[in-house]
Amino acid sequence: MNALIKNGRIIDPKNNINDTLDIYIYEGIIEDIGKNLDYSGVDVEEIDAKGKIIAPGLVDMHCHLREPGFEYKEDIESGTKSAAKGGFTSVACMPNTNPVVDNVSVVEYIKKRAESVGYVNVFPIGAITKGLMGEELAEIGTLKFAGVVAVSDDGNPVSNTALMRHALEYAQTFDTPVISHCEVKEIADGSMNEGYVSTMLGLRGISRAAEEINIARDIILAKTTNTSVHIAHVSTKGAVELIRQAKAEGVKVTCETCPHYFSLTEEAVIGYNTNAKMNPPLRTQSDVEAIIQGLADGTIDAIATDHAPHHIDEKNCEFELALNGIVGFETALSLGITYLVKQNHLTLEKLIAKMTCVPSDILGINKGTLSIGKPADLIIIDEDKEYTVDVNKFYSKSKNSPFDGYKLFGTVEYTMVGGRFVVREGILI
Amino acid sequence: MFEDMKDLLGIKDLQKSHIEKILDTAKTMKHIISQNNKKTGHLIGKSIVTLFYENSTRTRLSFELAAKYMSGFASNISVNASSVSKGESLIDTAKTIDAMGTDVVILRHSRSGTPHLIAKNINASVINAGDGMNEHPTQALLDMFTMREKKGRIEGLKVAIVGDVLHSRVARSNIWGLTKLGAEVSIGAPSTLLPADLQKTGVKVYNSIHEAVVDADVVMGLRIQQERQKRGLFPSVIEYARFFGIDERRLSLAKPDALLLHPGPVNRGVELSSSVLESEKSFVNEQVTNGVAIRMAILYLYTRKGNEI
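Keeping their order, the protein sequence lines are chains H and C.
The C-terminal residue of the first sequence carries number 1067 in the working numbering, and the numbering is unbroken.
The C-terminal residue of the second sequence carries number 289 in the working numbering, and the numbering is unbroken.
One chain only, chain H, in its complex shape (with noise of 0.2 Å):
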């Protein structure tokens, strides 16, 4: 099938397009852009995209899709559903499945489903440790010529310096990236940020320096072996000094954060929230404002969705035993849009390059531009089209999102992936 777009403001960060132009998809192909384009002898579809923005399909570096093994949660079919529906035409899933990604076979598993099932492209990625255990290596070397994108123990931290000492240079030998999800358990014996929220609502508080120690230990470990480490979800103003100040002396660390740490407080716990309780937690007002910083200087390099799909019975229950997480795919874009665009933190340009073409270079996976000759991924957005939230309208199998009845700025309209249309008009084909 072949479309011509014509009229719209195509920005593509990595080739630094910002401009109103046409494009031409020709058999799933990027094939032109540019002005005026006329494609009229060919069969081609056309679309009018005036006073709407064409940007690479969003590329999403952490999210988890829960198959195999929970696919009461989420599956692969609903999972790239909900991405589709949230303008992710990529995304990389985390390895904590059952079983867990630490084998070809799983990573097999996940392609094949992917193939038949899926609605974007997935990328597994694999395990730092067999089991996800933090005792022995996974065979990193095999998992990576099976087909995953990155290593990461995510949920769990990898407790043992020495082990993640040479997680990092063992992984980098093979080229491939190390997310790392810091977290000191030791000090995280809680369900929620420690502060006055916690204090409050008398629940065990999680103090940032949980996450801060860590960081600080991977960020002195990578520059100790020259390696390059991926902090996942940055949740902290200290971290993102932390991060800041690494990146200035030249260690090779990247990071992202996710949108619930740009867009919500620990107050959002207050009534025991169960869809506020995530894994870090929500911080305070503070750290907020930092991680907007952070995001428009340059320290932070992507935003990733971290969606976790939970069943609503591991969400309503008692508040410290509710599972961590909550889902993001269907609402990360327009809440960069309403919470950073819009309050001019960042330009619409730059939210984009976050969410395309920066974790596509970090995971190394070709993905994220509208390059000429590249399968074209892409989306049509609405940037200024206000709607409410409504979690019962998600193709995610679960709706555990603290954003419901939220109003946003910033629709996806079309979903395009390999020049073929899976969001048409909003609704999923």
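It is possible that part of the hints are untrue.
Unchecked claim - In silico lysine-lysine, DSS-like type, Cα no more than 30 Å apart, as pairs:
1. 130(C) - 235(C)
2. 75(C) - 953(H)
3. 953(H) - -8(C)
4. 1037(H) - 210(C)
5. 823(H) - 210(C)
6. 184(C) - 875(H)
7. 180(C) - 823(H)
8. 100(C) - 1045(H)
Said to hold, decoys possible - What follows is a list of derived Cβ distance ranges for each label pair:
9. 823(H) - 67(C): 20 to 30 Å
10. 982(H) - 215(C): 28 to 38 Å
11. 34(C) - 812(H): 44 to 54 Å
12. 182(C) - 931(H): 40 to 50 Å
Think of the hints as simulated: they come from the structure by calculation, not from any bench.
Quick caveat, the model's predicted, so the values are computed rather than measured.
By construction, the Cβ of each residue, glycine as well, lies at the ideal position given by its N, Cα and C atoms.
Given the coordinates of chain H, assemble chain C onto it according to the supplied hints.
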């Protein structure tokens, strides 16, 4: 005033006028307990269930007697004897109790926020009898009742709370209540037993018992649990008692007519010395009596919906 209030989840959510109304009502109830025939008809036809996921002697019995003195049906469910051990979820257990026509569920649970969760899921009134580290509203109400009874007022009193405030739902409920009623609250504890940003609640926080207790009208000790020692929060019970135990010398720093309170059960020789516990300043046993009066008042006020003229 209470007609539109279904649940008592914490003192934090109450207004000053609510607290005063409860204390006033409890005064009448205390009169009933002191009579030869302890019986009123306030809870005729009302079903009260205590659902306790933690051990308790005094709080549970206190609620049960309060219900019975007012002619209510009181039933008790304890964790091990119920289907909880079969893996039934908390909400399902509560819904089952609700479906049997229960008017009031009195809940104690080791997890903070559990009564809030149950209250959203059932029609019966939920009375919090202690949730995790969060609140123990009826205990704080009986403490305030005792203070008001002995001192004639709460406003302007200096109340010292000494001990493990970090893990104490009694301390939290008292802090919310006492600050709303205009008392000056000072806290004395080692830093490891203090929750984050405690001073933002409007209390004064000291690391020494002397500074907390000096010139106090009321001194309240909190129970120390041995398991905190294992988590490294203090090195030994002996050292705790040495620096934070309330003994005669330390109690003498308070006003001469100071009241000594403790929610019980007391570790003698740890948070309170035996001599202060037995002294004329100690009102620990009277607190227990007042607890029944407070719980009668609560049950009365929270069951009036659609029942009274």
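Hints, verified against the model:
1. About 14 Å separates the Cα atoms of residue 130(C) and residue 235(C), which keeps this hinted pair within 30 Å; it holds.
2. For the suggested pair residue 75(C) and residue 953(H), the alpha carbons sit about 17 Å apart, so the restraint of at most 30 Å is met.
3. This hinted pair checks out: residue 953(H) and residue -8(C) have alpha carbons roughly 24 Å apart, not beyond 30 Å.
4. Only pairs whose Cα atoms come within 30 Å are accepted, and residue 1037(H) paired with residue 210(C) is rejected, the gap being roughly 40 Å.
5. A threshold of 30 Å between alpha carbons decides the hint, and for residue 823(H) with residue 210(C) the separation of about 17 Å falls inside it, so the pair holds.
6. Between residue 184(C) and residue 875(H) the CA atoms are separated by roughly 28 Å; this keeps the pair inside 30 Å, and the hint holds.
7. A distance of roughly 27 Å separates the Cα atoms of residue 180(C) and residue 823(H); the hinted pair therefore holds under the 30 Å criterion.
8. Between residue 100(C) and residue 1045(H) the CA atoms are separated by roughly 25 Å; this keeps the pair inside 30 Å, and the hint holds.
9. At about 27 Å, the beta-carbon gap between residue 823(H) and residue 67(C) stays in the expected band of 20 to 30 Å.
10. For the hinted restraint 28 to 38 Å between residue 982(H) and residue 215(C), the CB-CB distance of approximately 53 Å leaves it violated.
11. In this structure the supplied range 44 to 54 Å holds for residue 34(C) paired with residue 812(H), their Cβ-Cβ distance being about 52 Å.
12. Distance hint check for residue 182(C) and residue 931(H): the Cβ-Cβ separation is about 32 Å, which falls outside the suggested range of 40 to 50 Å.
Violated hints, in rising order: 4, 10, 12; the structure is consistent with all others.
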